[in-house]
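Novice: So the chains spell out like this:
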Amino acid sequence: KAGVTQTPRYLIKTRGQQVTLSCSPISGHRSVSWYQQTPGQGLQFLFEYFSETQRNKGNFPGRFSGRQFSNSRSEMNVSTLELGDSALYLCASKVRQGNAGELFFGEGSRLTVL
Amino acid sequence: SQKIEQNSEALNIQEGKTATLTCNYTNYSPAYLQWYRQDPGRGPVFLLLIRENEKEKRKERLKVTFDTTLKQSLFHITASQPADSATYLCALGYSSASKIIFGSGTRLSIRP
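Each protein sequence line maps, in turn, to chains A and B. The first sequence lines up with residues 209 to 322 when you count with my numbering. The second sequence lines up with residues 123 to 234 when you count with my numbering.
Warning: the hint list may mix true and false statements.
Restricting the straight-line Cα-Cα distance to at most 25 angstroms, the calculated cross-link-like pairs of lysine to any residue (SDA-like) are [to be verified]: (1) K125(B) <-> T209(B); (2) K125(B) <-> F277(A); (3) K265(A) <-> Y147(B); (4) K221(B) <-> K221(A); (5) K125(B) <-> K221(A); (6) K125(B) <-> V227(A); (7) K221(A) <-> P204(B); (8) K265(A) <-> K221(B); (9) K125(B) <-> P216(A); (10) K125(B) <-> G292(A); (11) K221(B) <-> F258(A); (12) K265(A) <-> T148(B); (13) K125(B) <-> P234(B); (14) K265(A) <-> L171(B); (15) K221(A) <-> G163(B); (16) K125(B) <-> N175(B); (17) K125(B) <-> P269(A); (18) K125(B) <-> S287(A); (19) K139(B) <-> N175(B); (20) K265(A) <-> D206(B); (21) K221(B) <-> R223(A).
Covered stretches of chain B, as calculated for chain A (at least 3 residues, CB under 8 angstroms) [stated by the list, open to error]: (22) 134-141; (23) 176-184; (24) 222-234.
Simulated from the structure, these hints should not be mistaken for lab results. Predicted model only: the values in this text are computed from it and were never measured. Note that beta-carbon positions come from the ideal geometry of N, C-alpha and C, so glycine has one too.
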């Protein structure tokens with residue numbers, strides 16, 4: 209069974225631009241979570257989607273947004289990029305929201321903002 | 123807000139010894155706690171789950187304990203091997219529907 213797939217793996221943007229990252233969860237998984245990972249802050253929770261609805265949200269500004277499609281694929285968008293947005297963005301899926309099951313992570317999208 | 127602390131940024135252990143990693147949290151005890159392994163440039167990989175009503179869980183050379191009085195989880199790797207070198211993350215969930223939040227991780231190095 210294919211794992212969680214994130215695209216693109218690497219990208220470089222400049223300040224003020226926007227970026228869209230994509231995540232395809234494991235087949236049958238309906239919950240998708242996004243995390244930002246930086247050396248200084250570690251893994252920070254962005255948001256979680258289940259059945260096309262945002263169920264949980266972390267403490268990030270409104271420039272960070274996401275959505276989930278009917279096939280459970282998810283996208284996150286960051287607008288008006290800042291240097292501090294440079295990070296590894298990780299997507300994780302699990303079967304459903306209402307359990308304590310393990311998260312399956314993708315390899316991440318590494319964003320560099322110049 | 124909840125704060126999660128994992129012991130020292132890096133831990134160096136001699137091969138064959140037991141590595142013990144610590145995860146401490148403040149405020150309310152989580153409903154469950156998970157441990158993940160992350161290799162450089164890769165996403166975290168799930169290792170073990172322990173619930174609030176469980177004291178200990180084992181899986182092969184791995185053991186996790188959960189002490190809600192001390193607000194602490196310990197993660198042990200027995201008979202450590204250089205291949206165990208990685209960053210280990212603890213993660214807390216406060217209900218089945220809540221977000222899972224992560225500690226900053228401990229980088230473990232096993233020297234031959």
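Novice: Which of the stated hints cannot be reconciled with the structure, identified by number in ascending sequence?
Specialist: Hints 2, 4, 5, 6, 7, 9, 13, 18, 19, 20, 21, 22, 23 contradicted; others consistent.
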